[in-house]
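So in our numbering, the last one in the sequence shown is 1114, and the numbering has no gaps at all.
In short, the hints are calculated from the structure, not lab data.
Note that this is a predicted model, so its numbers are computed, not measured.
For glycine and all other residues, C-beta sits at the position ideal for the given N, C-alpha and C.
Do not take every clue at face value.
Derived pair list, reagent style DSS-like, types lysine-lysine, alpha-carbon separation capped at 30 Å [unchecked claim]:
(1) Lys-897 x Lys-1019
(2) Lys-909 x Lys-1037
(3) Lys-1019 x Lys-1007
(4) Lys-897 x Lys-909
(5) Lys-968 x Lys-934
(6) Lys-938 x Lys-968
(7) Lys-910 x Lys-1019
(8) Lys-910 x Lys-968
(9) Lys-897 x Lys-1007
(10) Lys-897 x Lys-910
(11) Lys-1007 x Lys-910
(12) Lys-968 x Lys-999
(13) Lys-1037 x Lys-1019
(14) Lys-1007 x Lys-968
(15) Lys-961 x Lys-999
(16) Lys-909 x Lys-980
(17) Lys-999 x Lys-1037
(18) Lys-909 x Lys-934
(19) Lys-968 x Lys-980
(20) Lys-980 x Lys-999
Have a look at the derived ranges for each label pair, beta carbon to beta carbon [claimed, not checked]:
(21) Asp-1070 x Arg-1005: 26 to 32 Å
(22) Phe-1060 x Glu-1010: 27 to 33 Å
(23) Val-947 x Ser-977: 20 to 26 Å
(24) Met-1108 x Leu-1013: 47 to 53 Å
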Amino acid sequence: IKARYGDDEFLVVTYQPEKDLFATETLSQLKKLRDELNDLDAIDSVVTILDVPLLKSPPKSLSDLEEDVPNLLSPETDQTLAKQEILTSKLFRNLLISSDGKTTAMQLNMVLDEELESLIKSRDTLREKRLESTLNPNELKELEILSAQIFEQREVYRKQNVETIALIRSILDRYRVGADIFLGGVPMITVDMIDYIQSDIAVFGVCILLFLILALLYIFKRPRWMVISMICCLMG
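Sequences and hints are given; from them, build the entire structure.
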C-alpha cells in the first residue's frame, strides 16, 4: 500500500487565535508562521487554509479558473464569501478548520529519506523472492547487509527528526502570544516516546544502583566490602 499510494509522513500544527481567525492581522501571522515552517530543510510543503483553492469567492467560470485559481490571500478574493466557502466545504471543514471556525490546522509534509526508501525497497524485493524461492549465498549476504544499512539509516533519519521537531517547536514558541498552538503527528510521537523511554531508563538505572549500594551496605555492614562487591559486578 505504501509503495503504491506513497508515504504519509507529516506533522500537524493546530492554531487557535484569540482574535477572529479570518481577521487580516491573524491571517498575516498565519502566513508568517507558514512561510517560516516551509523554509525548514526537512519540510517539503505546508498546507493551510491560506493555500486551498476557492471557487465561489466570488464564483468564477471554468475558463477563469484555468488561468488562475484564487486562494484566501488573492487580491480579488471576497473575504466574507471565502469564510463561508471554507466553513461549509466538506473538503476543509473539520480537516483544515474546525466547525466553529475558531481553530485551523496546518499540515507539514516532511521530506522523505530517499536513501532509506531505496534500501527498504531493495530489502523487500529480496524478502519477496525468499518467500517464492531460495536465495543464493550472495543474495543472503546482500539481505543481511541491507538490513544493517536500514538500521543505521533509520537512526540517522530519527536524529534528523529530533532536530527538525526541536526547530519547529522553537518556531511555534515565538507565535504563542495571542494564540494556542499545538504540534502533533506520528513523527513527533515517535521522537517523544523514545525521549521518555531513554529518560525512564536513566532514572530506573540510578534507582537500581542506589538500591544495590544500600542492600550491600546492609548485608556487609562495611563500605569497603560494598565497594569490592560493586567492583566484582562491574568486572563480571
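Checked hints:
1. Note on Lys-897 and Lys-1019: the hinted pairing is violated, with a Cα-Cα distance of about 61 Å set against a maximum of 30 Å.
2. Between the alpha carbons of Lys-909 and Lys-1037 the distance comes to roughly 28 Å, so the proposed pair stays at or under 30 Å and holds.
3. A threshold of 30 Å between alpha carbons decides the hint, and for Lys-1019 with Lys-1007 the separation of about 14 Å falls inside it, so the pair holds.
4. For a cut-off of 30 Å, the pair hint linking Lys-897 to Lys-909 stands: about 15 Å separates their Cα positions.
5. As the CA atoms of Lys-968 and Lys-934 are separated by approximately 14 Å, the hinted pair is consistent with the 30 Å bound.
6. Restraint check: the Cα-Cα separation between Lys-938 and Lys-968 comes to about 19 Å, which is no more than 30 Å; the hinted pair holds.
7. Between Lys-910 and Lys-1019 the CA atoms are separated by roughly 51 Å; this puts the pair beyond 30 Å, and the hint is violated.
8. This hinted pair checks out: Lys-910 and Lys-968 have alpha carbons roughly 27 Å apart, not beyond 30 Å.
9. Between the alpha carbons of Lys-897 and Lys-1007 the distance comes to roughly 59 Å, so the proposed pair goes past 30 Å and is violated.
10. Under the criterion of a C-alpha separation no larger than 30 Å, the hint pairing Lys-897 with Lys-910 is consistent with the structure, at around 16 Å.
11. For the hint pairing Lys-1007 with Lys-910, the CA-to-CA distance comes to about 50 Å; that exceeds 30 Å, so the pair is violated.
12. Distance restraint check for Lys-968 and Lys-999: the Cα-Cα separation of roughly 36 Å exceeds the 30 Å cut-off, and the hinted pair is therefore not satisfied.
13. For the hint pairing Lys-1037 with Lys-1019, the CA-to-CA distance comes to about 28 Å; that is within 30 Å, so the pair holds.
14. A C-alpha spacing of about 44 Å is found between Lys-1007 and Lys-968, which places the hinted pair above 30 Å, so the restraint is violated.
15. Between the alpha carbons of Lys-961 and Lys-999 the distance comes to roughly 44 Å, so the proposed pair goes past 30 Å and is violated.
16. A threshold of 30 Å between alpha carbons decides the hint, and for Lys-909 with Lys-980 the separation of about 16 Å falls inside it, so the pair holds.
17. At most 30 Å may separate the alpha-carbon atoms for a hinted pair to count; Lys-999 and Lys-1037 meet this at roughly 22 Å.
18. Taking the CA atoms of Lys-909 and Lys-934, the gap is near 22 Å; set against the 30 Å cutoff, the hint holds.
19. Using a Cα cut-off of 30 Å, the hinted pair Lys-968 and Lys-980 holds, with the two alpha carbons roughly 17 Å apart.
20. For the hint linking Lys-980 to Lys-999, the alpha-carbon distance of about 43 Å lies beyond 30 Å, and the restraint is violated.
21. Restraint check, Asp-1070 to Arg-1005: a C-beta distance of roughly 31 Å satisfies the suggested window 26 to 32 Å.
22. Checked against the hint of 27 to 33 Å, the pair Phe-1060 and Glu-1010 fails, with Cβ atoms roughly 47 Å apart.
23. At roughly 25 Å, the beta carbons of Val-947 and Ser-977 sit within the given window of 20 to 26 Å.
24. Range check, Met-1108 to Leu-1013: Cβ separation about 48 Å, and the 47 to 53 Å hint holds.
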